[in-house]
Amino acid sequence: MSQDKLRVVIGVPMGEDLRQQVAEVDPRIDVIYDETLFPWPRYVGDHHGTPAGERSDSERDRFYDYVSSGDALYGIPELRPSGLRRAIEQGPQLRWVQATQAGAGAFVVAAKLDAGQGDRVTITTAAGVHAIPLAEFAIFGMLAGSQELARLQRQQRAHEWVAERKPKVRLDGATCLIIGMGEIGKAIASRAEAMGMRVLGIKRRPEQMENVERVGSLDELSSMVAEADHVVITLPGTEQTQHLVDAELIAAMKEGVTIVNVGRGSVIDEAALVDALRSGHVASAALDVFEREPLPADSPLWDLEQVIVSPHDAALDVDEERRCVELFADNLRRYLDGDDLRNVVDVASGY
1 MSQDKLRVVI
11 GVPMGEDLRQ
21 QVAEVDPRID
31 VIYDETLFPW
41 PRYVGDHHGT
51 PAGERSDSER
61 DRFYDYVSSG
71 DALYGIPELR
81 PSGLRRAIEQ
91 GPQLRWVQAT
101 QAGAGAFVVA
111 AKLDAGQGDR
121 VTITTAAGVH
131 AIPLAEFAIF
141 GMLAGSQELA
151 RLQRQQRAHE
161 WVAERKPKVR
171 LDGATCLIIG
181 MGEIGKAIAS
191 RAEAMGMRVL
201 GIKRRPEQME
211 NVERVGSLDE
221 LSSMVAEADH
231 VVITLPGTEQ
241 TQHLVDAELI
251 AAMKEGVTIV
261 NVGRGSVIDE
271 AALVDALRSG
281 HVASAALDVF
291 EREPLPADSP
301 LWDLEQVIVS
311 PHDAALDVDE
321 ERRCVELFAD
331 NLRRYLDGDD
341 LRNVVDVASG
351 Y
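Quick note: the sequence shown uses UniProt numbering, first residue 1, plus one each step.
If you are wondering where the hints come from, they were derived from the structure by calculation, not from laboratory data. There may be inaccurate statements among the hints.
Said to hold, decoys possible - Derived DEER-like restraints, expressed as beta-carbon distance ranges:
1) Asp246 x Ser190: 28 to 36 Å
2) Pro39 x Ser217: 26 to 34 Å
3) Arg214 x Asp65: 49 to 57 Å
4) Pro311 x Gln147: 18 to 26 Å
5) Glu160 x Arg214: 23 to 31 Å
6) Lys5 x Arg204: 19 to 27 Å
7) Arg151 x Gly173: 32 to 40 Å
8) Gln153 x Glu326: 34 to 42 Å
Quick caveat, the model's predicted, so the values are computed rather than measured. We put the beta carbon where it would ideally sit given N, CA and C, even for glycine.
Take these sequences, add in the hints, and give me the full structure.
The structure is reproduced here in structure tokens:
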């Protein structure tokens, strides 16, 4: 191997065809992959692999010798903040980590990298890769609310044909507020607008956006939620977004609102949400993320029929791995050519 070549280490399970796609990006790279270090994938895009217990100390040492040996690393080791930190500490030559999660900024903050490590290693996320499946889940959640899916399922289980039919509120003409107008928010906006919805957005730095009638700042959130029939959250989990959606903000929402969360569970005060669901102020919720994961068995969210509980898997689809690798390949070209990388994380804020 020429010392001029960029050593690219694949830190998660990856099929041979996709590894070849990475290798063909540029002759200036060497792709390193040791399949003996990974558990067998259970499905396409499985970054965890078949559960086989924890690695032994010697197996873990061998694994971290491997993931810390490159100039660039694909995947956060073991999908843990501690894994990211160890790889960076153990690999002084490591300069770039491409994560396979859109919300990898939370891993970066939790890893507590020091200033020198944060300056030395650039970390990029998979933001945008999961936008389409998450947008579809958001539409599903809003439809479930407007079509009263919980009532229909309850009546079906009871074999009950209700003679007095009740008119429903359409999505067409309803107002959707998207809190977080990144790639996921944009994908939701285009689909909601196509269904005839009036779309509003919240963004840290407001700007005019396609498919969105108005974009406001976080300072305008409490007034804008009052206009929304459906509130969709796409925000990452940071200190700034912790319990942003609290009892006070929920109280400012319309009676009968639907809430969808495809961002991070920490954004919502779950106790306040449960109270609002029980009172009927919030009519329904579709949640893919939670304050504690796995969702504890004693959480009241399990038993509220108007709540859809998704085990943080709404982003997964059969195309995910291919799209992640395509993003990585594009960033590899940019890295080699000295261009700006896509989806760079600010180590301090996690954005």
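Against the structure, the hints:
1. Asp246 x Ser190: 28 to 36 Å: This hint holds: roughly 29 Å between Cβ atoms.
2. Pro39 x Ser217: 26 to 34 Å: violated, 45 Å
3. Arg214 x Asp65: 49 to 57 Å: holds, 53 Å
4. Pro311 x Gln147: 18 to 26 Å: holds, 23 Å
5. Glu160 x Arg214: 23 to 31 Å: violated, 42 Å
6. Lys5 x Arg204: 19 to 27 Å: violated, 39 Å
7. Arg151 x Gly173: 32 to 40 Å: Check failed, 21 Å falls outside 32 to 40 Å.
8. Gln153 x Glu326: 34 to 42 Å: With a Cβ separation near 38 Å, glutamine 153 and glutamate 326 satisfy 34 to 42 Å, so the hint holds.
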